[in-house]
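Undergrad: Residue numbers (this note's numbering), protein chains in the order written: chain A, 115 to 322; chain B, 1030 to 1327; chain C, 966 to 1776; chain D, 168 to 362.
Any given hint could be a false lead.
[Said to hold, decoys possible] Cut-off 25 Å, straight-line C-alpha distance, at most; resulting in silico cross-link-like pairs (PhoX-like, lysine-lysine):
1) 123(A) / 1183(B)
2) 1330(C) / 289(D)
3) 208(A) / 1313(B)
4) 289(D) / 1328(C)
5) 1301(C) / 1286(C)
6) 1286(C) / 305(D)
7) 286(D) / 1744(C)
8) 206(D) / 1183(B)
9) 1436(C) / 236(D)
10) 206(D) / 1227(C)
11) 1482(C) / 1571(C)
Calculated directly from the structure, the hints in this document are not laboratory data.
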Amino acid sequence: MIRDPSDLKRYNASERANHWVVGICFILLALSGLALFHPALFPLTGLFGGGVWTRILHPFVGVVMMLFFVVMFFRFKHLNQMTQTDWEWVKRAKEMVDGDDHNMPEMGKYNGGQKLLFWFLGAAMLVLFASGIVIWRAYFSAYFPIGVIRTGALLHAAFAALMIIAIIVHVYAAIWVRGTIRAMLYGTVTRAWAKQHHRAWYRQVIGK
Amino acid sequence: MALQSLDIAKRSATTTEPPQARKTIEVAKLIDVSKCIGCKACQVACMQWNDLRDEVGSCGGTYANPTDMTDQSWTVMRYAEVESEERGLEWLIRKDGCMHCEDPGCLKACPSPGAIIKYANGIVDFHQENCIGCGYCVTGCPFNVPRISKKDSKAYKCTLCSDRVAVGLEPACVKVCPTGSISFGSKEDMKELAEERVTELQERGFKNAGLYDPVGVGGTHVMYVLNHADKPSLYSGLPNDPTIAPTVSLWKGFTKPLAMAGIAVAALGGLFHYVMKGPNEVSKEVEAEVEKELEAEK
Amino acid sequence: MTNHWTDIKNADVILIMGGNAAEAHPCGFKWVTEAKAKNKARLVVVDPRFTRSAALADLYAPIRTGTDIAFLGGVINYLITNDKVHMDYIKSYTDMSFLVKEEFAFAEGFFSGYDADKRKYDKASWEYQMGADGYVKSDPSLQDPHCVWNLMKAHFSRYTPDVVENICGTPKAKFLQVAELLASSHTPDRVMTILYALGWTQHSVGSQIIRTAAMMQLLLGNIGRAGGGVNALRGHSNIQGLTDLGLLSNLLPGYMTLPGEKETDYDQYITKRAPKPMRPGQMSYWQNYGKFHVSLMKAWYGAAATKENNWAFDYLPKLDKTYDVLQVFELMHQGKMNGYVAQGFNPLNSFPNKAKVGAALSKLKFLVIIDPLATETSEFWQNHGEFNDVDPAKIQTTVFRLPSTCFAEEDGAIINSGRWLQWHWKGAEPPGEAKGDPEIMAGIFLRLREMYKKDGGAFPDPILNLTWPYKVPHEPSAEELAKEYNGKTFADQLDPKDPTKLVKKAGELLDSFAQLKDDGSTASGCWIFTGAWTEKGNMMARRDNADPYQNGQTLGWAFAWPANRRILYNRAAADPSGKPWDPKRKQVWWDGAQGKWVGSDVPDFKVDSAPEDGMSPFIMNPEGVARFFARGMMNEGPFPEHYEPFETPIGVNPMHPNNPKATSNPAARVFKGDMEAFGKAKEFPYAATTYRLTEHFHYWTKHVESNAIIQPEQFVEIGEALAAEKGIKAGDKVKVSSNRGYIKAVAVVTKRIQPLKVDGKTVHHVGIPLHWGFKGVAKNGFITNTLTPFVGDGNTQTPEFKSFLVNVEKA
Amino acid sequence: MQLSRRQFFKVAAGGLTGSSLVAMGFSPTAALAEVRTFKLARTTETRNTCPYCSVGCGIIMYSLGDRAKNAHAEIIHIEGDPDHPVNRGTLCPKGAGLLDFVHSKNRLKYPEVREPGSKEWKRIGWDEAFGRIAKLIKEDRDANFIAKNADGVTVNRWLSTGFLAASASSNESGYITHKVVRSLGMLAFDNQARV
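Put together the whole structure using the sequences plus the hints.
TA: Now the structure itself:
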């Protein structure tokens, strides 16, 4: 493990573990969910031991993800309050995507996009969990009227799709912004990275 | 694809067409409620033929038993005592079960390839070996028909005795029906028979007698002759105008390509963005600044 | 059935009353739906409950249970006063013009000759006036006040629509609608059928209800005609056969009767049963009684039955009274019986007043049960909690339970309600060590005979001389037995018209009961079955379902007694000149060219008797015609009269409010102690009736899983009004009690039972299905007959299961 | 394990490619949809008549095997006989469930006796059953047979033992039952005609 003592600590071990539990759950859920969502992706059920196992496992994984997500949510909630600057950042996000971050306002630990993503994921998880319970045939569906189940199925599919898109963006953003992924792998980022992308946080951390 | 006893029209969770060259006659079961005495012979014939035995339940204060369809009871009689000024008391008895829709909501909803098959003759059949037990068929069905077994978590419902029809026999309930309330034949013949019955009922004063072959699901391969076709819901809640619920249509229709497109766009967008714009790396300036700052600290 | 199942499709009007064909005979009911669909027939249902049959009826009328005579009497009055009778038919084919003895009278609910102490009639005055020529006097002008027509008119004139409404609770307008529809069948081109069952027989006036219906059908000209008749829908698969075979206290096979102890002279015994014609030119077919009787005795006792010993007349037990089941259980209850055998029968469940039946069985020394199933009767001694609360230690009866085969495991014939003898074949071996009934009977009999042979005993002759020609004696085959009841000749038979022609060689099976002789040269175990297994083979196994006239007669399917005839009295389907009443209905007619009766059915007539000979269609009656006036054949009177059930909800007979002795059937037999066990309306205010459900068969199918699934638990049906009054909701447990005990069951609350206004009072009905008990795969329950009264019909002693009083309360 | 971002990217891309390939139809061939095999194909058919009500519906019993010596003919299905003029193949809920009657767990299999005062059944053999019953019958008949009534008229009757005959046993059973019962002089003899 290569460590530069001057690197900045972005996530502690517990946070990273938490993230990855959620992340792994998400991947399992996305793969199994997509398998059940689109016929073309049904063969993905093979990854889980076939269709029946996919159907059995998916909701349980969902529950695990929800539990860990809730922990994570409360861990990071206070860091994700939108501020005026964040909205300013969001307005200028297009410039950033185009590769020009010179005019972006200084960001704290999270930028406006990340924060929006955070809140969106929170909402999506809530919807997915609630609708997931409703359409969980083995234990819960019998308690809901058919109209609710149908709406549940639709919402579950729609929010799952949105969430997958959001996570793709999330992952891509991590890949695109070089030096990001290690934050979630070893917990640290380079000072340069911090200064470049989260200058306010950088200042805060190094005390300037 | 090898030959099977019945040609396939539609297959659940399958994006391509099954072989469509052969044309078979569409069949239908016609249930004439004006001849039904609610004897439940059809229920017994169904359990005998299909090797099903439900639990011995209890009396809930009506004639209906089992009180609802289950994985072991694919058809049940429903009894309604209806009083009207015009006709006094009527005991409207309806055999409930799968309607074998032309546009089956269950098949539309099913995520497992080949778990639900619509044969070219109109029969909608569940293939439990492919069923994953998700219950989406229940969600998709406009008639509340499929039932998930508590034992094996598979979905079950009336097969229209596809095994009998495949060898040229009528379904077991049709054969057994002692009053001739249930008929079976080509859909065309059944519609003609229904017309005959409707005329007869109208002569007997049932002005609104008619055929129940709801267009909302593309017609059905189990149809009713109702003496009050203007009010199907009188018959223990037969849907007046059943369709696949808009939520289900959206879920299994528009949402699918849209979501896939969305996901694809996101993924490809990322790829092309990366290719075209390159990575977002820490600028040399900042790196230099930070170097300096570190030096300073030291 | 005078007619048969398929024939129902020929009807224009169908009356279901005293039965619920859709419920109890769904596959026969198909021909009702067929008549409706193909014949535009109208279905009328009259019943206390809106039944499954009523669900498909064009017209439903409610009626208070047990008041059918008033209802049908009202219809008869309607037909007569509105001139809706088939006059040409009744003028020629009934006794309407015959003169009745002048002493005959009816007043205050009694016919002439009543002895109130004995509860019996002296029937001397219930007879025709006889002329000097030995024939019944007749007044074809119908002017004589003593002619049957005028007596009948007067008798039924009291049954006005208002009286009907008052007694039956049927709204007058509904009654009139029904009467009008039934009356529409009085024209020759319209025919009505009546389908009834135990809803008519299980009353203290059951036989008279059926007579009233038969009279109505005669007035409408519907007897003997396709799509007509009075059709008893028998309850069990071979109860027709067992009755035909005379397995009743006072019968011998083929509706011959055992001698009474006052008939010990053989010739007198025969003469009484072989009446001479009472009108000129009539057939009086029972004149052949001697031939049937001698052939029976030859079949049973072979060489031991000789002319010299009056064909073993002494072998026959002589009756002092009838030993019907009510009588037998009364004797058993008194401790006067020691042994009892129940073969495929569950008396603890089937007979009224379960407490009395159980107590009676406890007094037996031994009880033998022969059954395929574990019946309640076989375990009457076992404690089954509230359902059968007995102490085994106190019951000293030895009980044997012998397993028998069921239908699937045997060959043989059973007879449906349409009198068709249908052969069936064995498909599998019985379970365990179960044996067929013939084998079990042989097993007991052969040991008994051995003991009598060895040790002697009381009058061993009939036992030792009983014919037992079976190749494997302990296992008589169905084929051997069928051939035995069909009959054979011991001597060559020559054609009576051409004595040079040999019709039958000695030893051959007979083709028809016309070949039976009273000289001992023929044997036949049941004369009406002759023709069932002939030299041509097993006629009962025939499977040609061709129906060339499309009227459902299918003469090539199985064999119908008598003589493969499908509709009884079918000569009456043609007018006196021999032409069909309705040319569209091709039934039986006179073919002048051939000089014989022909048609789609086997003519029920002397086949070469030309219409000009004046022979009338009802050949079994010495009068040759049908009787409106029953003479002395019935115990309560020659005309039916309304009497209340023994447990009446109104306490009075509105026809005779001033004669309390005429409240209920004055001639019905009531045992000591049972009269006291009748409940009164004050304590037990609701009219109860018991019945079958279509999902179950009697007490058998509670052992059958698929039937237990579709109707698992005991319930009773009560109307919404009564339920509201008592605070009972559908699904609640209720306790139903009569003066004899109680049952607990789930309440089915329904609109299908409506309160009726009767004689100024509101009468609620309680419907009680009968199928449960303490053995079975369905939920165990109470025996319904815990509630029912121990009294029977005045003629047949059929228990009054259909009308009694109960109270209902939330359990 | 250390996963560089390049490796991570590869894994992610691999997953995506895999699913895209699948989406394009590289899925394994799906199983055929075949109906359940017709279960009566080579069973043996035997004609019979429904033993319940009096309509007398024709039925067909389907049994395992082809009647070969070693094949035990177990009835596996019962259906209406379409040739029968009355029921034309139809049955009521009771007839339709006849198979469960044949195989009811409450079918009796062995002769049994319940001795006086006992709480239970005891299995016995047929020989014992026939022997004991015949003996009881003879004892009662010999003790209570009435050859002549009070007036000295020969009546040859026996009233202290009765017999109830079935409602569904065959004519042949009924006939031989009547023959035997009457030969004993029994009068307390009835059947199910009334109930």
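Undergrad: It remains to establish, for every hint, whether it holds in the given structure.
TA: Status of the hints after comparison with the structure:
no., hint, in the structure
1, 123(A) / 1183(B), "51 Å, violated"
2, 1330(C) / 289(D), "18 Å, holds"
3, 208(A) / 1313(B), "22 Å, holds"
4, 289(D) / 1328(C), "21 Å, holds"
5, 1301(C) / 1286(C), "15 Å, holds"
6, 1286(C) / 305(D), "24 Å, holds"
7, 286(D) / 1744(C), "23 Å, holds"
8, 206(D) / 1183(B), "22 Å, holds"
9, 1436(C) / 236(D), "24 Å, holds"
10, 206(D) / 1227(C), "64 Å, violated"
11, 1482(C) / 1571(C), "18 Å, holds"
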